[in-house]
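K.L.:
Counted the way this note's numbering counts, the sequence shown spans residues 1 to 193.
By construction, these hints were calculated from the structure, which means they are not laboratory data. What you are looking at is a predicted structure, and each value in this text was computed from that prediction instead of being measured. The reader is advised that the hints may include incorrect statements.
Unchecked claim - With a straight-line Cα cutoff of 27 Å, these simulated BS3-like cross-link-like pairs (lysine-lysine) come out:
id, residue 1, residue 2
1, Lys155, Lys140
2, Lys175, Lys155
3, Lys129, Lys97
4, Lys129, Lys168
5, Lys140, Lys129
6, Lys97, Lys155
7, Lys168, Lys155
8, Lys159, Lys175
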Amino acid sequence: MEERYGKLAIANIMTSIWLGDWDTYEAFMNEIPEGMRRELRFHSLYNRDEVHLWYDNHFFIPGEHFVSPYFSSYTKKNEDEEARRHELLCLIGLYEKTAFYFPLEQDRLPDHFGSMTAFMSSILQGEIKAEQEGNQDYLKQLEEIEAEMLARFIKPVLKPMLDNAETKITLPFFKEFLSFYAEVMSEDWMEAA
Numbered sequence: 001m002e003e004r005y006g007k008l009a010i011a012n013i014m015t016s017i018w019l020g021d022w023d024t025y026e027a028f029m030n031e032i033p034e035g036m037r038r039e040l041r042f043h044s045l046y047n048r049d050e051v052h053l054w055y056d057n058h059f060f061i062p063g064e065h066f067v068s069p070y071f072s073s074y075t076k077k078n079e080d081e082e083a084r085r086h087e088l089l090c091l092i093g094l095y096e097k098t099a100f101y102f103p104l105e106q107d108r109l110p111d112h113f114g115s116m117t118a119f120m121s122s123i124l125q126g127e128i129k130a131e132q133e134g135n136q137d138y139l140k141q142l143e144e145i146e147a148e149m150l151a152r153f154i155k156p157v158l159k160p161m162l163d164n165a166e167t168k169i170t171l172p173f174f175k176e177f178l179s180f181y182a183e184v185m186s187e188d189w190m191e192a193a
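Take the sequences, apply the hints, and build the full model.
P.N.:
If you want it as structure tokens, here you go:
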């Protein structure tokens with residue numbers, strides 16, 4: 001259970017960064033223990049004014065420093081439009097399994113990394129509740145959805161996203177954050193449960 005709470009805290013922090021919600025990011029960082037805060041190596045590089053400006057340059061305004069925050073930007077270039085549409089519909093179907101409507105509520109596309117990471121937070125909240133209530137069947141269903149989300153929609157695009165960001169991201173905060181995000185999502189996420 002403690003591991004799930006830790007993962008939830010990390011997912012919430014990563015979601016706030018992906019969405020550029022600096023008030024929420026600062027509130028989360030103020031609530032977590034100092035030891036955990038030190039492990040989030042990107043946080044020591046946080047300067048709100050710089051981060052806010054470069055967030056727009058890196059993830060919002062297309063240009064020379066732009067790194068797309070959308071899953072569909074990193075799917076295989078040789079895939080046809082129909083295959084991309086199918087993957088997007090599968091992602092939306094995964095959201096619907098748990099009545100996750102965050103992208104609509106936030107006016108975000110469903111394949112935005114912020115939406116996908118918020119979905120992971122939502123799943124973790126459900127897992128915590130299911131575990132507290134002793135509902136093992138629902139807990140297992142949620143764990144399967146979490147594993148599918150990670151394996152199908154997040155892990156496959158981490159390397160292409162990092163490769164794309166390598167020459168475009170200049171702010172150390174975002175360099176460290178993307179490295180942290182990729183490391184956590186590719187190696188540690190499911191093991192932490």
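K.L.:
Indicate, hint by hint, whether the structure satisfies it.
P.N.:
Against the structure, the hints:
The straight-line distance between the Cα atoms of Lys155 and Lys140 is roughly 21 Å, inside the 27 Å bound, and the hint therefore holds. With a C-alpha separation of about 18 Å, the suggested pair Lys175 and Lys155 falls inside the 27 Å cut-off, and the hint holds. Distance hint between Lys129 and Lys97 is fulfilled; the C-alpha atoms sit about 17 Å from each other, no more than 27 Å. The hinted pair formed by Lys129 and Lys168 fails the criterion: a straight-line CA distance of about 40 Å is larger than 27 Å.
Distance hint between Lys140 and Lys129 is fulfilled; the C-alpha atoms sit about 12 Å from each other, no more than 27 Å. About 21 Å separates the Cα atoms of Lys97 and Lys155, which keeps this hinted pair within 27 Å; it holds. Between Lys168 and Lys155 the alpha-carbon distance is near 21 Å, which keeps this suggested pair within the 27 Å criterion. For the proposed pair Lys159 and Lys175, the alpha carbon gap of about 14 Å is at most 27 Å, so the pair holds.
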